[in-house]
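S.K.: Single-letter residue listing:
Protein chains: 2
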Amino acid sequence: MTIEATQKKILLVGAGAVGSIYGWRLQQAGCSVSVVCRSNYKVVKESGFQIDSTFYGKDSFKPNAVFSSCKQAAEELPEGYDFILVCTKILPDILNPAIILKDCAVNEKSTIVLIQNGIGIEKYYAEMFPSNKLITSIAHVFTKQVKTGVISQVDQASLIFNVFKQNPDQIISEEENIILEEFKDFLTRGKVNAKIEENIQRERWVKIVWNISISPVSVLTVGSNTRELLDCPETRNLLLESMHEAIRVGEAVINKPLTDTPSTELPKQILDKVDNLPEPFYPSMMIDMQNKRPMEIQVIVKNVIDYANNLNINVPILQTMYALLALIQKKNLNN
Amino acid sequence: MTIEATQKKILLVGAGAVGSIYGWRLQQAGCSVSVVCRSNYKVVKESGFQIDSTFYGKDSFKPNAVFSSCKQAAEELPEGYDFILVCTKILPDILNPAIILKDCAVNEKSTIVLIQNGIGIEKYYAEMFPSNKLITSIAHVFTKQVKTGVISQVDQASLIFNVFKQNPDQIISEEENIILEEFKDFLTRGKVNAKIEENIQRERWVKIVWNISISPVSVLTVGSNTRELLDCPETRNLLLESMHEAIRVGEAVINKPLTDTPSTELPKQILDKVDNLPEPFYPSMMIDMQNKRPMEIQVIVKNVIDYANNLNINVPILQTMYALLALIQKKNLNN
Numbered sequence: 001m002t003i004e005a006t007q008k009k010i011l012l013v014g015a016g017a018v019g020s021i022y023g024w025r026l027q028q029a030g031c032s033v034s035v036v037c038r039s040n041y042k043v044v045k046e047s048g049f050q051i052d053s054t055f056y057g058k059d060s061f062k063p064n065a066v067f068s069s070c071k072q073a074a075e076e077l078p079e080g081y082d083f084i085l086v087c088t089k090i091l092p093d094i095l096n097p098a099i100i101l102k103d104c105a106v107n108e109k110s111t112i113v114l115i116q117n118g119i120g121i122e123k124y125y126a127e128m129f130p131s132n133k134l135i136t137s138i139a140h141v142f143t144k145q146v147k148t149g150v151i152s153q154v155d156q157a158s159l160i161f162n163v164f165k166q167n168p169d170q171i172i173s174e175e176e177n178i179i180l181e182e183f184k185d186f187l188t189r190g191k192v193n194a195k196i197e198e199n200i201q202r203e204r205w206v207k208i209v210w211n212i213s214i215s216p217v218s219v220l221t222v223g224s225n226t227r228e229l230l231d232c233p234e235t236r237n238l239l240l241e242s243m244h245e246a247i248r249v250g251e252a253v254i255n256k257p258l259t260d261t262p263s264t265e266l267p268k269q270i271l272d273k274v275d276n277l278p279e280p281f282y283p284s285m286m287i288d289m290q291n292k293r294p295m296e297i298q299v300i301v302k303n304v305i306d307y308a309n310n311l312n313i314n315v316p317i318l319q320t321m322y323a324l325l326a327l328i329q330k331k332n333l334n335n
Numbered sequence: 001m002t003i004e005a006t007q008k009k010i011l012l013v014g015a016g017a018v019g020s021i022y023g024w025r026l027q028q029a030g031c032s033v034s035v036v037c038r039s040n041y042k043v044v045k046e047s048g049f050q051i052d053s054t055f056y057g058k059d060s061f062k063p064n065a066v067f068s069s070c071k072q073a074a075e076e077l078p079e080g081y082d083f084i085l086v087c088t089k090i091l092p093d094i095l096n097p098a099i100i101l102k103d104c105a106v107n108e109k110s111t112i113v114l115i116q117n118g119i120g121i122e123k124y125y126a127e128m129f130p131s132n133k134l135i136t137s138i139a140h141v142f143t144k145q146v147k148t149g150v151i152s153q154v155d156q157a158s159l160i161f162n163v164f165k166q167n168p169d170q171i172i173s174e175e176e177n178i179i180l181e182e183f184k185d186f187l188t189r190g191k192v193n194a195k196i197e198e199n200i201q202r203e204r205w206v207k208i209v210w211n212i213s214i215s216p217v218s219v220l221t222v223g224s225n226t227r228e229l230l231d232c233p234e235t236r237n238l239l240l241e242s243m244h245e246a247i248r249v250g251e252a253v254i255n256k257p258l259t260d261t262p263s264t265e266l267p268k269q270i271l272d273k274v275d276n277l278p279e280p281f282y283p284s285m286m287i288d289m290q291n292k293r294p295m296e297i298q299v300i301v302k303n304v305i306d307y308a309n310n311l312n313i314n315v316p317i318l319q320t321m322y323a324l325l326a327l328i329q330k331k332n333l334n335n
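Each protein sequence line maps, in turn, to chains A and B. Each residue of the first sequence is one higher than the one before, counting from 1 in full-length UniProt numbering. Each residue of the second sequence is one higher than the one before, counting from 1 in full-length UniProt numbering.
You may find that some hints are simply not true.
Repeated chains share a single entry, so a pair holds when one copy, or any two copies, can fit it.
In silico SDA-like pairs for lysine to any residue, Cα to Cα no more than 20 Å straight-line [unchecked claim]: (1) Lys191 / Glu176; (2) Lys331 / Leu230; (3) Lys330 / Glu197; (4) Lys331 / Asn237; (5) Lys195 / Glu251; (6) Lys9 / Glu181; (7) Lys331 / Thr226; (8) Lys331 / Glu228; (9) Lys292 / Leu95; (10) Lys42 / Thr261; (11) Lys9 / Arg202; (12) Lys256 / Asn132; (13) Lys330 / Arg227; (14) Lys292 / Val222.
For the record, the hints were derived by calculation from the structure and aren't laboratory data. As the structure is a prediction and not an experimental result, all values here were calculated from the model.
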């Protein structure tokens, strides 16, 4: 590859715990990385991010530019950015998530990269920016912002991704392939475990199986961590059963098994992984609940239920948990 | 009737908001009413209950004796009480509820009267006191202890009841009939709307349909009142669906419809009633959760699920809510 990373302008929208890690690694690879911050704007503008990573080491990540809004980022670079990484929470029940990019100087050359959780999240961006390339990705990274601008992170970050196609049979163009390879190359140079995944939606479903079970059960049990969830026989079983429901929907949507593990075994395998984590954790949905911030219940739970309803698949557990979450969300947003 | 109410000794075990109202009315009828208090012992011993009732008026209820334990009550009257009214919370997942009566001087003449919620609660007492008469009842009374020893109550209290028979085909004896009529007479003299109900288990199921839906949904939505539950379309629908599950189980157990209303209509009818209450309310299970006290999840939820499992009836909504409640209970009891 002869691509000059230094020529590439990346805009990171939503520079929290996840976004800052990928932005940092891309800057390490030689890209110019500007960030749009919200709650941490003042601190990051002044002194950047302090990152403590067991895998990458300790470092201070100073973005090439720090903006408080997408509008400001657009004014600074009117010709537009090559990649716009969207790492915000995604809350379509509150606001069309693509609206955030309206002021971003998204132009023809900009590739939008979604580093966000959930099912059915791409349509909002595809509809608003039909002529832009759109990459959808699954991040695996254990990271948290321990205080404003201070990030603690463990293990090697990974990103699996591909171009989003409304119709999965649509062919990826040569131009899109070049961009995918280019993006993978930047990530790899930044020591992120990067992979172009042929069936990216399948990976989304695998991640949702985990998210759709652990996150709601944690929220709905007055905020429980993974150790508490697994040590209680009733909630352990609830996790398994809710995973089975999600797997049935996912397999029907993508029309193949979600993993090489038989689907009857997959939930148990996932719980075994959680069992063996060095430390219990609280899902971000639980943290959001405790802080009375909006939770990603639409893209993590409701969109899956909508698929199930369209396919006539019964998901009573998911529906029960969603109804409970919906009222909690409503109360949190009204307060 | 020529029964002398004044000769009748009644012991009330668990003199909270519900127990104090029935004790008060029985004393008004002429019975001698002694109470075993726990958290409110000191206040009640000193000055009795202050009751403000929109139906019965304002009064001070001074029990004939106030005890801090069943043992004390037994020592005071070694020949035993005629009626022992059990009005405590019922928590068989924590302790066999009948154990509380072990020290109560339950002798042959004592009739045990359960004024407690839930399904399958009688077996604990029937097993421990096989030779005693056992009356099981459903209380309808809107009452709360606004502060220690101070009770606020609205509407006429009612009590429907009958002798408990392990086998519903078992005939009620002449002696039992006399006691039932006697008890009804005392209540009626105390202006409680009293009714001997042929199919008492059917009434228990009607009440559980209400309890098994509204109580868990309130607890699991960070403590919501009935207005909040009904105004949110998702939880309103969840209430309806969880009631349908409970009705299916109840109809299978008692082998007939729960009410004259068609079972397809019953949940909507119950919600209409809740909709039309003068004020929204918080179920006692929610109050217990907020105070980190044990909740009656075994007798209100789990025993229904056990019936469903034995009858091969699917109750995924109830099971989901129970699993969530089970972990909350566990955490509350460990703290």
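S.K.: Take the hints in turn and mark each one as holding or not.
M.R.: Here is how each hint holds up against the structure:
1. Taking the shortest Cα distances, Lys191 and Glu176 never come within 20 Å of each other, neither inside one copy (23 Å) nor across copies (82 Å).
2. Proximity of Lys331 to Leu230 under the C-alpha cut-off of 20 Å is restricted to the inter-copy arrangement: shortest distance 13 Å between copies versus 28 Å within a copy.
3. For the homomeric pair Lys330 and Glu197, neither the shortest alpha-carbon distance inside one copy (37 Å) nor that between copies (42 Å) is at most 20 Å.
4. In this homomeric assembly, Lys331 and Asn237 come within 20 Å of each other (Cα to Cα) only across copies, at 17 Å, whereas the closest approach inside a single copy is 28 Å.
5. With identical chains, the CA atoms of Lys195 and Glu251 are never at most 20 Å apart, being 22 Å at best within one copy and 56 Å at best between copies.
6. Taking the closest pair of Cα atoms, Lys9 and Glu181 come within 20 Å of each other only inside a single copy of the chain (16 Å); across copies the shortest separation is 88 Å, beyond that limit.
7. With identical chains, the CA atoms of Lys331 and Thr226 are at most 20 Å apart between copies only, with a shortest distance of 14 Å across copies and 25 Å within one.
8. Only between protomers do Lys331 and Glu228 lie at most 20 Å apart by alpha-carbon distance; the minimum there is 9 Å, versus 25 Å within a single protomer.
9. Taking CA atoms no more than 20 Å apart as the test, Lys292 paired with Leu95 passes inside one copy only; the shortest distance there is 17 Å, against 37 Å between copies.
10. In this assembly of identical chains, Lys42 and Thr261 lie within 20 Å of each other by CA distance neither inside one copy nor across copies; the values are 47 Å within and 63 Å between.
11. Taking the shortest alpha-carbon separations for Lys9 and Arg202, neither the intra-copy value of 30 Å nor the inter-copy value of 71 Å comes in at or below 20 Å.
12. Proximity of Lys256 and Asn132 under a CA criterion of 20 Å is satisfied in neither setting, with 29 Å inside one chain copy and 63 Å between copies.
13. For the identical chains of this complex, Lys330 and Arg227 are inter-copy neighbours only, at 13 Å across copies versus 28 Å inside a copy, given an alpha-carbon limit of 20 Å.
14. Taking identical chains as interchangeable, the C-alpha atoms of Lys292 and Val222 lie at most 20 Å apart whether they share a chain (13 Å) or sit on different chains (11 Å).
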